[in-house]
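Trainee: Fit chain G to the supplied structure of chain V, relying on the hints for placement.
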Amino acid sequence: MSDKVLEMYNLNKVYGEGDTKVHALQDVSITVNKGEFLLIVGSSGSGKSTLLNMIGLLDRPTSGKILIDGTNTTTLNDGKISSFRNHKLGFIFQFFNLLADLTVLENVMLPRQIQGTNASASKDAKELLKIVGLEDQMYKQANKISGGQAQRAAIARGLVNHPTIVLADEPTGNLDSVSAQKIVQLMKSMAKKLGQTFIVVTHDRHQFGDVDRVITIKDGRAFEGQESTRLEAVA
Amino acid sequence: MLFNKRGSLVGAVLAVTIGILVIHVNFVIFQGLFDAIVRDLTDYRFGNLQITDEEDYIDKSDQSLVNWFERIPYVEAATPRLSSTASINITKFGERIEETRVPIVGVDPLRDIRASTVHNTIAEGQFVYSRNSIVLGSNVAQDLGGAKVGDSVKLKIVDRYGQEQLKRFIVTGIAKSPGGQGFDYSVVVHIDTLRDLMDRDGYTGSIMVKLNDPTKATEVKDLFLRTFPNEDFIAETIEEAAEEQLAGFRSGIAMINMIGYFGMMSSAFAIVTIQMMLVNGKTKEIGIMRAIGAKRRDILIIFLFQGIIIGAIGATVGTAAGLGYTIYAKETKMSFNNSLPLEVSIQWDKVIQTALISFSLAIIASLYPSYRATKLFPVEAMRNV
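Protein sequence lines correspond, in order, to chains V and G.
The first sequence begins at 7 in our numbering and counts up by one.
The second sequence begins at 782 in our numbering and counts up by one.
By construction, these hints were calculated from the structure, which means they are not laboratory data.
Model, not experiment: these values are computed from the prediction.
A few of these clues could be false.
[Said to hold, decoys possible] Derived EDC-like pairs (lysine to aspartate or glutamate); straight-line CA-CA distance at most 16 Å:
(1) G:Lys1002 / G:Asp1013
(2) G:Lys1076 / V:Asp65
(3) G:Lys1156 / V:Asp65
(4) V:Lys129 / V:Glu141
(5) V:Lys194 / V:Glu176
(6) V:Lys86 / G:Asp1013
Just chain G, with the same shape it has in the complex:
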């Protein structure tokens, strides 16, 4: 009976709806971006589990470690990696162009394509397939004057004894990953070639382990460490291995979520304001109701019920709109900055939590205006026309 201020009520519902929608949009974009970065770091660099050694290099046979991992049902594949830095030069049109301190990654081409998706980032040509083939990251290729597939480049690397080692490679591919989390700033060569150049025969920098069930990472890690107690292995899940890269993002997301919740608080203030307006606009009606016998409790219930309706409709519409946006982002494979595809997922616990918080806030925000409405004296309320 006191509900006729439809414009105000729609405004209050919109405030709740927009509050929820903002949180969903934030979640899709920023959590999606975070998850996309985790996904790419997992796929390109660390795997779900990364094994390294306290002594910088694993001296145990990579073959035996990979075989050990691949016997575990949760493990899809494992592959060795070796990393260093090198100088690289190319001669184009009689001009020598050199880039120094270029990260270089040695991969086992046959195993790597099972454990990593780096090979999918080859924009031109093909992945490393022979001992003298090299894949240039797109940025490295650009810095080398636009190196192309088929060009010859010379690599200079300092081996374990401090001696410079030189080797000529044929560019077989250019890597360009969406979002740039791949090897766009690195070069990729055969792991055995890199071992030779570094004079680290049989050594491995890391073992990248891909799981078919990422939730079992800790279980596999613990099993690995229990199996090799006397080695100096370091086993890290993706979250641990990429902590440095992800820490900044984590706090960024926390801040964005905070902004979302501040938005929700703003919605609550909007509801307080609108409900106060409704109470002020309905002073006469409240007075009439009180005069004909409505108790303070009855008036409180009317305005609280109004808050419940606002909260329920706002939470429903906001959640529906938020889910709609999430599904749209997922179906259209929405990307960040038109490059990095977001990893969009619907987390029902968060969806329900957001809806419930909004709903509760709408009711809490209605408490004070409802209380104010009950404090009106009928004779004064009716006089106030």
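This is chain V alone, in the form it adopts within the complex:
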């Protein structure tokens, strides 16, 4: 079995038409291997979040191909995309995006409940909450915990469905520096412990220290490392 968990070929995303046309992504081709901790960096408006939305199947590319675990996702219909997101992807958002009315535990269980695997959901969610250090907070309402705790809960939620890839969009962007460091360490340790692939979008590359790979997005184009080499299409 191939180690490639993500393959993107000639990905383009164009917003608007005519004079207002904006090329958010231009011919982006990236391959990510299993267990990699990949950083996508770039300045504000460079297209890094657009790229993450494409990988997360939250938005559709104008052209190009995205393969996750060997499946061409660009041909899937909406229902299958939802199911694919639920089974293969985990999300960590800048603003945590926990459902405020639910408890921390219920939030973490949610992806599994959507899958319909309720029986083991609670056990797995509790285990993950223990790992991220929220054992004593799990029955609190999600809007009653701190930002750092909320992001830890979001990490647990992102991992509970044993996804192929965890996508994190500016996970430290809404945290103070101490909490941000804790979150970075937590993600890295989870990646190591579980062999989990992480794709993290950030504007603050230094916060993450050593990582497996860095991709820079500039004006919608992807470069390996810090703007050194333009990534070309593999296929």
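Mentor: Structure of chain G alone, referenced to chain V:
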């Protein structure tokens, strides 16, 4: 999970509840009023079945017809009636007061009290008991300068040959019915006296038949018409006999019911609005749910389920409140305009129909907002914070 807008949900439930309650209140008041009028017309004037003749008067013996009816097990009693109009005058304190074209009803006092409840409307004195006693309707008594029991009045009537006939009567009673459906605008005398005055010996205007089971009216009517095929009898159930009086009411009730159902439609629009508000207020949550894998169908189910909950609670509370009001109206013998006691009944088929319609409307009203919720794209929904 998307249910935390309790205020909005309570509003939606209240909309359904109030819609149902309005229909129940309308039903209690207007159907109760209609049924009360039917009841009074039945009790005072027509009976459950009224027999008349195409030739204005029945010339067959009233005794034999009454006996024929009273042999039928469904018939409680039957009584003859005769009607005309008369002028009536009274002299009070040397002044002569006259009222013309006063309806006059001739009754058989012994039979009438079994087939009709007119005798119960006697507010003062007593019912007709002798050939020269007269009961004045309260309005007639008032028009005659406040005639009282014991007063003497003179009646002038034109007989079948066009001759004026005069007779003096002693007022034995004043009739005043709740709601005025009785003989408040008429006078009541002994039927034989009226026959004499009209020179219609042996004639009867109508036979009023009271049934112990009103649902058998058509059956008794058909039996009667089959038994007397060669006579010119007209047999009518209360609905047929009182059609003229009831027709206006019927359309009025239909209109009121329509207003009730419009109210229900308004509730449905309220639910659409509230559900739309909930969808708009929950855009981010819908986006998050969609992002972590919820399908459009899952979102649809959540909002439809919300509609079902709104419909179920609203229909239950509304029906309970409506039934509570109905029972209250029944137990307190609620009356219209403080006079006519309403005929309040619980019609379970209508209660269930109203609840089911409301419940269904709540679900239907949730369809569009639910559909709108499914159309949100996760990335746009989450951006819309």
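Trainee: Each hint needs a verdict: does it hold in this structure or not?
Mentor: Structure-based check of all given hints:
{"no.": "1", "hint": "G:Lys1002 / G:Asp1013", "result": "holds (14 Å)"}
{"no.": "2", "hint": "G:Lys1076 / V:Asp65", "result": "holds (15 Å)"}
{"no.": "3", "hint": "G:Lys1156 / V:Asp65", "result": "holds (14 Å)"}
{"no.": "4", "hint": "V:Lys129 / V:Glu141", "result": "holds (12 Å)"}
{"no.": "5", "hint": "V:Lys194 / V:Glu176", "result": "holds (15 Å)"}
{"no.": "6", "hint": "V:Lys86 / G:Asp1013", "result": "violated (81 Å)"}
The structure does not agree with numbered hint 6 stated previously, though it agrees with all others.
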